[in-house]
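**Student:** Next come the chains, spelled out residue by residue.
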Amino acid sequence: MASQSDNSVAFSAAELEFLAEDEMIEIVPNMRMEPLNLISGDFGPFRPQIAAQVPLWLAVALKKRGKCTIRLPEWMSVEKLTQVLEAERDSEKFQLLPFHYVEISRLLFDHAREDIPDIYMVRSLIEDIKDVRFHKIGTGLEIISKEVTYALRLKNLSAMEANIVRPFVTKALQTFHKLNTKEAIPESGSIPNRQRQAVNQRDKRVLKGR
Amino acid sequence: MDSGDASGYSAGVDDDYESLLSTTDAELLKRAWRNEKASPEILQHETALVQRSREQIQLMEETVEEFSKNGVDPLTLSLYQMDLDRTLFLLRSYLRTRLQKIENYAFHIQKSTDLWNRLSKQEQKFAERCIDDAEQHLDQSVLSKLPHGFKSHLKQSSLSLADDMVPEPQLDQYVICRSKKFLGSFQLDDSGEEPVNIEANDLYALPYKSIKPLVESGQIDLV
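Going line by line, the protein sequences match chains G and D. Numbered per full-length UniProt numbering, the first sequence spans residues 1 to 210. Numbered per full-length UniProt numbering, the second sequence spans residues 1 to 223.
Here chain D stands alone, though its shape is the one from the complex:
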């Protein structure tokens, strides 16, 4: 079994040439959307995939426009339009799900370079604005009126050792997942519990924390 240490988000797809050939961008986008929706924390932004999908959408929009000028029959036209709408929905929902997570966990994401680098350039800008706005709002409405030592938006008081006022995603949350391949026995965590046998195409409820590497390497899909 793969130890799942591949850090590249699409490594699992790359090493499997067959599945690469049979997987369309539409499928990949759907998978990225599902994973993003079902995972508690923000995942690596699929920059290349988003870029390709954008190009396809643009191309399709031009095609549809051309069709309507050339008088292609309205049925064909409407089918192309539906396909376009479906892809647009997927892409929008994917990006919006990410924005929602960024809004919720902006302070937390900013603290770690690993998390910060999972965002696209635009998302980083968005996160910065979120942080500025939230800081300003907290300052003006509450923090500036509190006594000295309680003015931080990250800590309850200056006595707190950790940043205890920063919302974090719960990584020990359970998620429902499915693997396309038989993954063999899989150790949940280091607590010495019995390993779980992960069979192909079966659903499992497992702690997100323990299958995180498998999600990142594309060996397991969240559903």
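Okay, chain G solo, but in the shape it has when bound:
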């Protein structure tokens, strides 16, 4: 199972997949099974041709044994994905997708190919959306250096995306924060104007406080 990730990256891809496997999905069983009373919750009963909600790991386990078909979540339909991709291209903002969309789609591509109509289309749409979003992340990161930023809002960013930018974003913000708060900045001509202003403002504040 997922290996222990080291501390600076917080989560490994395998651990994110582990978390994504708890997301609920609809399956249509082809067998009869009594309800399961698991630690993670109660699921079932399962009757042939009657849809049931289960966590993804359970769906995949049943699918592997040929005991069910998985119903594609609505956001993964060609129609929805096309909309998202267009909106994603037109706007600077990130569109709303499930938090674990990268992991969920990957798991379904790997284990439930025959349950996905137009799989090639769906797969390439997801790839495109991923590309557009990662490109946006790349350009979006520039604002950290342009403005003095103390907090960064990552609206609609997914788990995998946040995890990928984490090492860079957290270190960069921390460094800028330090540069702007420490009085240790030497008053030399090499300091950009903005930073010097920040330092001066802080001096004023301290004086007022006293």
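Among these hints, one or two may not hold up.
As the list claims (entries may be wrong) - These stretches of chain G come out as covered by chain D in the derived footprint (C-beta under 8 Å, 3 or more residues):
#1 30 to 39
#2 51 to 61
#3 156 to 169
If you're looking for bench data, these hints aren't it; they were derived computationally from the structure. Even glycine gets a Cβ: it sits at the ideal position worked out from N, Cα and C.
Starting from the known structure of chain G, fit chain D onto it as the hints suggest.
**Tutor:** Using the frame of chain G, we list chain D on its own:
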């Protein structure tokens, strides 16, 4: 907005009856694991939760054993086993993440009673052993051979005012977090910067130091 001064680690859950009802131990354990993995310092040990999870695991192990004796069909059995494995993984990873932090910051944790009390009894024993071993190792390999005044494992020299050879977690490190509820405007620190509006279900990169009380009261989750 709650001032976030609740020191109890599960206070945020208790005061919200609805979320208490809908939150299973499996969810709580997952949250504890995520927070522990993403926070730079060691958090309060979730003693009650760990205890309950252990009991559930034991119960489930007995159930699985019973099933295999009674000839319950192998599919059901394997599903129960998978669920059990997932919970075991979460619990192990949670405890191991803590052990890793204790190993790294044993001297630092020992210095403060607040930090020391965040450890469980077993973890305290582990920390003591870590400290003894590290002291002994440093002494034998280096410190005993140094001139007088440089023999401390806590200080560079006897002239140092503070314990400057003790590794500490960086609390001003930025973390990525998410709140389930709208928390309103939130003052980052006392430096007079503009407050941040924390909206529900949005991700933010914020300094750990400034949201620490919100993490401890369960109002914000680290991701």
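**Student:** For each hint, tell me whether it holds in the structure or not.
**Tutor:** Verification of the hints:
1. 30 to 39: holds (count 5)
2. 51 to 61: The restraint on the region 51 to 61 of chain G holds, since 3 of its residues have a Cβ under 8 Å from chain D and three suffice.
3. 156 to 169: holds (count 6)
Hint violations for this structure: none, all hints satisfied.
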